[in-house]
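**Student:** Residue-level listing of the chains:
There are 2 protein chains.
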Amino acid sequence: MAPFCYADAPARASVIMQLKTLLGERLITAQAVRDQHGQGEDSYGCKAPDAVVMVRSTEEVAQVLALCHQYAMPVIPYGAGSSVEGHLMALEGGISLDLSEMNQVLEIHAEDLDCRVQAGVTREALNQALRYDGIFFPIDPGANASIGGMVSTRASGTNAVRYGTMLENVIGLTVVTPEGRIIKTGGRARKSSAGYDLTHLYTGSEGTLGVITEIQLRLHPIPDTIKAATCQFDDLQSAVDTVISVMQCAIPIARIELLNELQMKACISYSKLEGFEPKTTLFFEFHGTVASVAEQVELVEELAASMGGSAFSWAESTEARNALWKARHQAYFAGLSLQPGASVLTTDVCVPVSRLAEAVLFAEQEAVASGLSCPIVGHVGDGNFHVLILQDENDAEQQARGKALSKAIVAKALELEGTCTGEHGIGYGKKGYLLEEHGEAVDLMRSLKRALDPKGIMNPGKIFDL
Amino acid sequence: MAPFCYADAPARASVIMQLKTLLGERLITAQAVRDQHGQGEDSYGCKAPDAVVMVRSTEEVAQVLALCHQYAMPVIPYGAGSSVEGHLMALEGGISLDLSEMNQVLEIHAEDLDCRVQAGVTREALNQALRYDGIFFPIDPGANASIGGMVSTRASGTNAVRYGTMLENVIGLTVVTPEGRIIKTGGRARKSSAGYDLTHLYTGSEGTLGVITEIQLRLHPIPDTIKAATCQFDDLQSAVDTVISVMQCAIPIARIELLNELQMKACISYSKLEGFEPKTTLFFEFHGTVASVAEQVELVEELAASMGGSAFSWAESTEARNALWKARHQAYFAGLSLQPGASVLTTDVCVPVSRLAEAVLFAEQEAVASGLSCPIVGHVGDGNFHVLILQDENDAEQQARGKALSKAIVAKALELEGTCTGEHGIGYGKKGYLLEEHGEAVDLMRSLKRALDPKGIMNPGKIFDL
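The listed protein sequences derive, respectively, from chains A and B.
So the first sequence is numbered by this note's numbering: it starts at 1 and just counts up by one.
So the second sequence is numbered by this note's numbering: it starts at 1 and just counts up by one.
Isolated chain A, as found in the complex:
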C-alpha cells in the first residue's frame, strides 16, 4: 500500500533522541500517552505513534518537521482528538505532533471582524476570548474541537446554514511544509485575487500536506436577538419537508437540526430533556434584529404548522437555550447510550436540500431493515445528516451489516448528487467512498500530495492511498 520508504527502527530511535534533546520532557514515549494519541472519538481502533511531541511555536513545528523529513519519519498532527474518521491513527508509526499547547488567541480585530489564533485554540476558548467584543466565531461542530483540526477537516456543524463552513470563514493560514518551511497564505483583506488559493487547499487537507499552526478567521457580530425553539412531528417526512420549505424560501435561519424518533428517545433519557415526546423533532435557532427574527419566526411557524408540526416550544432564557443545545451536542453520546459498549460507525452524507427527504427516508428505512439500532441526527438546513450505526464490536456479522448499511446510504447520496462527507472528512474510513464520488479527480489530488510532500511523511494513509 505505502509506496514510500519510511524510517527504519534505528532511524526512528535517532529522531526520537534528537527530539528529546530539542524538546526535553515535551517528547513523550509513555505507552498511555501514545495510545491516547493514536485514536479519536471513532471506532476504527488505536494505532499508537512512536512518540508524542508537545510543540509550543511555529518555529518548533518547523524544527520537528525538518528533522522528520530528513529521516522520512511520519508525522500526524493532533489537536483536540475529536476526529471521528480515524485521522489520528499512526498507520506507519511516527510522531504525533500535539498542538494543544499552542493555544493563544494572537490578535482580535473586532473592527474588521477577524482574528488570528494558534491552531490549538478550541472553539469554546476562542468564543470565551471574544466575549467582551460583541463578536463570535459561529462554526460549531458540537465537540470542543481545536481550530486547527476544524480547518483540517473543513468542519461545519449547527450554525453553517447561516454562517457557512470553515471554507467561508478561514481567510489565512500559517503552514509548516513537510520540509519544515514556514509559509503564510491568504491575509486580512476581505477578498484577494493574488495567486493560487493555498488557504483553501490546506483547508480540508486533513494533515496530509503540512501542519497548520496559525489561522486567520472571519468573525461575526453577536446578533441583537437570538431565539430558539423546537417543533415535533408525527413522521420523518413532514419534518424534512418543513426543512426543505424553509431553505427554499431562503429564510436566513441560523440553525435547523433534525433528530429522528430514536435519537429523541435517546436524548430525552440521556440529557434529561423535559416536555418532549419521543418523536421526530426539529431544533431551530433564529438570529437577527428584533424585526428580522420576528419575520423569520412567523414564516417558519407557518410552514411547520402547514406540515403538521406541533406548536413551537420556546427556549426563552439563555439557560434554557443552552440546555437545549447541550442536549443536541450530546446527541452522539446519547445515541451510544442506547447500546452500552457498542462501537459506532457514523455516516456523514450531504445532499442538495431538495433531495433531502429521499435521502433521509431511505436511510431510516434501510436502518430499520438492517435490524441495527441507528439514531439519526442532522444539520438538515445544509442537507447533511448522520446515521449513528451501533454495532457490537465482537460481532462480525453485525459489523458487516453496519458496513453494508453505510455503503447503501452513501450510494444513495451520490445518486442524489450529494457527497459522502459533509463535514467529518475522509480520514481512514471513507477512502473508498472518495473514489466513488470523485473518480479521476482523486488522481489530481495525488499529484498535489506528491508535489507538496514528496516523502509522504504527512499523515500517511489518510484521504487516499498513493
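Please keep in mind that the hints were generated in silico from the structure rather than gathered at the bench.
There may be inaccurate statements among the hints.
What the hints assert, rightly or not - Label-pair distances were calculated between CB atoms; the ranges are:
| no. | chain 1 | residue 1 | chain 2 | residue 2 | range |
| --- | --- | --- | --- | --- | --- |
| 1 | A | Gln128 | B | Glu319 | 50 to 60 Å |
| 2 | B | Gln248 | A | Ser14 | 47 to 57 Å |
| 3 | B | Ala400 | A | Asn144 | 32 to 42 Å |
| 4 | A | Thr225 | B | Gln339 | 51 to 61 Å |
| 5 | B | Glu319 | A | Glu124 | 25 to 35 Å |
| 6 | B | Asp443 | A | Ala9 | 31 to 41 Å |
| 7 | A | Cys249 | B | Glu316 | 22 to 32 Å |
| 8 | B | Glu316 | A | Asn144 | 50 to 60 Å |
| 9 | B | Trp314 | A | Pro221 | 39 to 49 Å |
| 10 | B | Leu466 | A | Gln128 | 26 to 36 Å |
| 11 | A | Ala320 | B | Ala291 | 57 to 67 Å |
| 12 | A | Glu440 | B | Lys20 | 27 to 37 Å |
| 13 | A | Ala110 | B | Ala305 | 45 to 55 Å |
What the hints assert, rightly or not - From the derived model, a few chain B residues whose C-beta atoms are all more than 10 Å from chain A:
| no. | residue |
| --- | --- |
| 14 | Leu106 |
| 15 | Ser156 |
| 16 | Asp197 |
For every residue, glycine included, the Cβ atom is placed at its ideal position computed from N, Cα and C.
With chain A's structure known, arrange chain B on it following the hints.
**Tutor:** Quick look at chain B alone, frame taken from chain A:
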C-alpha cells in the same frame, strides 16, 4: 525566463494543421482575429497567438489540449476578453482557446439555488436565463465577463459585500487538465469535506492549471425589496469614514461604492448623470424584506448624516436604478475620457476595512502629487478600490511616474495588511507584487503548477515566472 521548451515552428505548423482537420473553420489564423485575442481591456499591449480555436464542447477542449500537450504548444483560454491584467497576451505564442461559443446554461435548480453553466456564458446572459425563476447570480464585476473568466480571476465587484466573491459562489467545476483529461470537482451539496478542494484551487488560477469548461454556481433569491441611493460628501475622508462605520455595524448592505471627486466629474459628463455635483459620492444598494431594508436604510442614513453626508438621493424606479448602476459600470470608460488617447494603469488594492481611510487618502494624495490624472472608484465595502492612472503612452517619463505611483499604492496596501489585487488577478502586470505579498508561498504555487502542468503549456508567463 521560460524554463520550458515550447514547440518550434514546424511543430506549431503541424498542430495548426491538425486543429484545422479537427475544427475546420473554427480554427482561425486571420491576423485581425489573432490580434483581437492577444489582449484584453488593458494597456499591456497585444501579443497575438499563432491561431485561435472556437471550441464547442468539453470533449473538443480535451482533444485540443491533448494535441497541444503532445507538441508543447502554449494554450491561452479566452472568455469575453475583459481582463485588465494582460491575461490574454500570448507571450510564447500558441493557441487562444476561445470558449465564447460554449454558452449554454445547462441546468437550473431553482429549488436548491444552484445552476450549471458552460464557461462561455456571460453573467448577463445567465441572469437573463434565470429571470423567470425569481433567482439571480449576484457577482457583478461591471464588465459583461464570461463566468469562466470570472472563476479564473476569482472576480467579485459591486455585490460582493453582501453575496461574497466567486470564492463563495463557485461550488463545482469541470476542468480539462493540460494533458487533456476531463475531471469534475466539487458538487451540488451545500458543503463537502471530501478530499482536497480542487474547486478553489482552480478558482483564481488564471488559466494556468487547465481549462475550466463548466461551472456549478450558487444562486440567490431576488430580494423582495431593492432600494438604491446616493449620498455626496465634501471630502473623501468623511465618505470613507461612513463606509467604515456601515461595515463595522455589520449592516447587510448589498452594494456600497465610492467615486472620488475626479471620477464623479468624469461620470457626470460621460454618463450624463443629472442632479449631482462633482464631489466624492457613495452609491448604495439595499436588498431584503421591506422591514429589513427599512432598518438598513435608517441606520445608514443616520451614519452618513453624522459624517456630514448630503441627504440621500433615491433612485426609485427600476429605470432610475439601472441608470445609476450603468453610470457606475461605465466609470472606467468615463475615467478614460478625461484624457482621450491615454493608456491606463489600474490599481486594485484591497485592505482591511478599518485601514481603508488611510489607504484611500494616501492614494489620492500620491495621485495628486504625481501630476497624473487619476480618478478613484471602489467597492469600498470590501476595502477594495481602483486608481485609474491615466498616462500618455508615448511619454516614457509619464509612464515611469504612473508605475511609481502604482508601486507606492501597493506598498501602502501591503503595509496595511492588504493585498495587491482584490479582484483583477495577477496576470502579466502584477507578478512582482505577488512576490512582495506572498514571498515563500509563491514557491509552493510554483510546485503546484509544475505538478499539474509539467510542460508549462497553460497560459505561460502569468501569475509568476517559473
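**Student:** Against this structure, judge whether each hint is valid.
**Tutor:** How the hints compare with the structure:
no., hint, verdict
1, A/Gln128 x B/Glu319: 50 to 60 Å, "52 Å, holds"
2, B/Gln248 x A/Ser14: 47 to 57 Å, "54 Å, holds"
3, B/Ala400 x A/Asn144: 32 to 42 Å, "57 Å, violated"
4, A/Thr225 x B/Gln339: 51 to 61 Å, "52 Å, holds"
5, B/Glu319 x A/Glu124: 25 to 35 Å, "52 Å, violated"
6, B/Asp443 x A/Ala9: 31 to 41 Å, "34 Å, holds"
7, A/Cys249 x B/Glu316: 22 to 32 Å, "27 Å, holds"
8, B/Glu316 x A/Asn144: 50 to 60 Å, "51 Å, holds"
9, B/Trp314 x A/Pro221: 39 to 49 Å, "27 Å, violated"
10, B/Leu466 x A/Gln128: 26 to 36 Å, "46 Å, violated"
11, A/Ala320 x B/Ala291: 57 to 67 Å, "27 Å, violated"
12, A/Glu440 x B/Lys20: 27 to 37 Å, "30 Å, holds"
13, A/Ala110 x B/Ala305: 45 to 55 Å, "25 Å, violated"
14, Leu106, "13 Å, holds"
15, Ser156, "6 Å, violated"
16, Asp197, "5 Å, violated"
Checked against the numbered hints above, the structure breaks hints 3, 5, 9, 10, 11, 13, 15, 16 and satisfies the rest.
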